[in-house]
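Q: Below are the chains, spelled out letter by letter.
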Amino acid sequence: MATETTAAGHVSPESLEAAGICIDAHGGAIGMPQLCFDWFPNQIFWLVVTLVVIFLILSRVALPRIAGILAERQGTITADIAAAEDLKAKAVEAEEAYNRALAEARTEAQRIAGEARAEIQAELDKAIARADAEIAAKSAESEKAIAEIRASALDSIEAVATDTADAIVTALGGKSDAKAISGAVSDRMKG
Amino acid sequence: MATETQAAGQAAEEGAGLVFHPMDQFIVKPLFGGDAVAWYTPTNVTLWMGLAVLAILALLVLSTSRRAIVPSRGQSIAELAYGFVYKMVEDVTGKDGVKYFPYIMTLFMFIVVANFLGLIPGAFTTTSHLAVTVVMALAVFLTVTLLGFYLHGISFLKLFWISAAPLPLRPVLALIELISYFVRPVSHSIRLMGNMMAGHAVMKVFAGFAAIIAIAPVSVLAISAIYALEVLVAFIQAYVFAILTCVYLKDALHPYH
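If you're matching them up, the sequences are chains A and B in order. Residue numbers for the first sequence follow numbering that gives the first Met the number 0, beginning at 0 and rising by one. Residue numbers for the second sequence follow numbering that gives the first Met the number 0, beginning at 0 and rising by one.
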């Protein structure tokens, strides 16, 4: 075996055979270790073991798990987007409701303002009418008073004219005839 | 003997202060002593593949254990990886290819994690080994070929008979297609293994130069630059492997041009 290598560093043919033609006496490589066919069975065996183990790990555990994670994430993203769209639609709806309420409130306010205006107008009209009526009543009263005053004035004028004419007739020495004087005064008064 | 001259050469190199062992990092060693590497021996291959399994477990299972709707950082990475590969499979192979997604995810996750673990200083890069990439490429090749025949029977061979081409050209094209079809597993595996091996070996070579004090700063800069490139390569090669698998799978699902 290789332990038979002599102390002087000489290589016995047996050790050379045991180590194959791949390693020299100092443990260095001869040529390309890749071409050392003595090692091939070992490498191939362990490669096959390794690949089978990796394949089992991947196909049994890793790949289904990662695929699951990716699918789950995709699902979450899709669900989140759907939820976001839902919320957006709700927001639009809320805005519409708000606008509707606003418009309703505005019409209501206008209606109330109109009503108030009409009410005020009606009261105003009523007050004006009452004032007009009062004014009319008062002017009619005044006119009546004026007419009375005028009538009484005419009466007074007739009496004064009769008296004056009587006095004048008497002063002139005539005999006053009351009936004739009042008739003449009345004629003159009639114009 | 060749080994003796090499040992002498090594001694001379060590004397000069320059030690180049760019390929030593790819040596398969048993974990618990001894030299014999039997097919079942736990080796550094076992260790780093086991670490890859643990990393995938942490990345895709532990980080998603909370199943959060709003993901944590770890869960984001897991979801990103899932989405990235899923979309790739769906885009390339179409809807009916999606059921093969776990297989492609397995390959992609193993390669990308193994590549990045290999970038840890002192790590063993499992994907830089021909045995590893060839097994994966052959598995893809055989699966795709058998699947093609299973789904389409003998008419799967129409894959090689390009009806869009003029009739006289078709036999020639069929030959070319056939050759390119069988070269697929070779290019598929060597592309990944070559990229990983070359990058790591180049880093080791630059690291060897760091022993000379005058060149050391350049060497450190170069290592940083190559490392940055390797970070890119680690991802891109995993992506390339996975997308080529998808393309081959598409040929099996829809062999008619």
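Honestly, the hints are just simulated from the structure, not real lab data. The structure displayed is predicted, hence computed values, not measured ones. Heads up, some of the hints might be wrong.
[Unchecked claim] Examples of chain A residues toward chain B, derived with CB under 8 Å:
#, residue
1, G27
2, F39
3, P40
4, W45
5, L50
6, I56
7, S58
8, I68
9, Y97
10, L101
11, I180
12, S181
Note that the Cβ used here is the ideal one computed from N, Cα and C, for glycine as well.
Q: Now tell me if each hint is right for this structure.
A: Evaluation of the provided hints:
1. Restraint check, G27(A) versus chain B: the minimum CB separation of about 5 Å is within 8 Å; hint holds.
2. At a threshold of 8 Å, the smallest CB-CB gap from F39(A) to chain B is about 4 Å, leaving the interface hint in force.
3. The closest approach between the C-beta of P40(A) and any C-beta of chain B is roughly 4 Å, which is under the 8 Å cut-off, so the hint is satisfied.
4. The interface hint given for W45(A) is met, as the beta carbon of that residue sits about 5 Å from the closest beta carbon of chain B, less than 8 Å.
5. Interface hint at L50(A): satisfied, since its Cβ lies 6 Å from the closest Cβ of chain B, which is below the 8 Å cut-off.
6. Satisfaction of the interface hint for I56(A) is found here, the shortest Cβ-Cβ separation to chain B being roughly 6 Å, below the 8 Å cut-off.
7. About 4 Å separates the beta-carbon of S58(A) from the nearest beta-carbon of chain B, less than 8 Å, and the hint is met.
8. At a threshold of 8 Å, the smallest CB-CB gap from I68(A) to chain B is about 5 Å, leaving the interface hint in force.
9. This hint is violated: Y97(A) has a C-beta 36 Å from the nearest C-beta of chain B, more than the 8 Å allowed.
10. Interface hint at L101(A): violated, since its Cβ lies 42 Å from the closest Cβ of chain B, which is beyond the 8 Å cut-off.
11. The beta carbon of I180(A) is not positioned within 8 Å of any beta carbon in chain B (closest approach about 134 Å), and the interface hint is therefore violated.
12. For S181(A), the suggested interface contact is broken, since its CB lies about 131 Å from the closest CB of chain B, more than 8 Å.
Consistency note: the structure conflicts with the earlier hints numbered 9, 10, 11 and 12.
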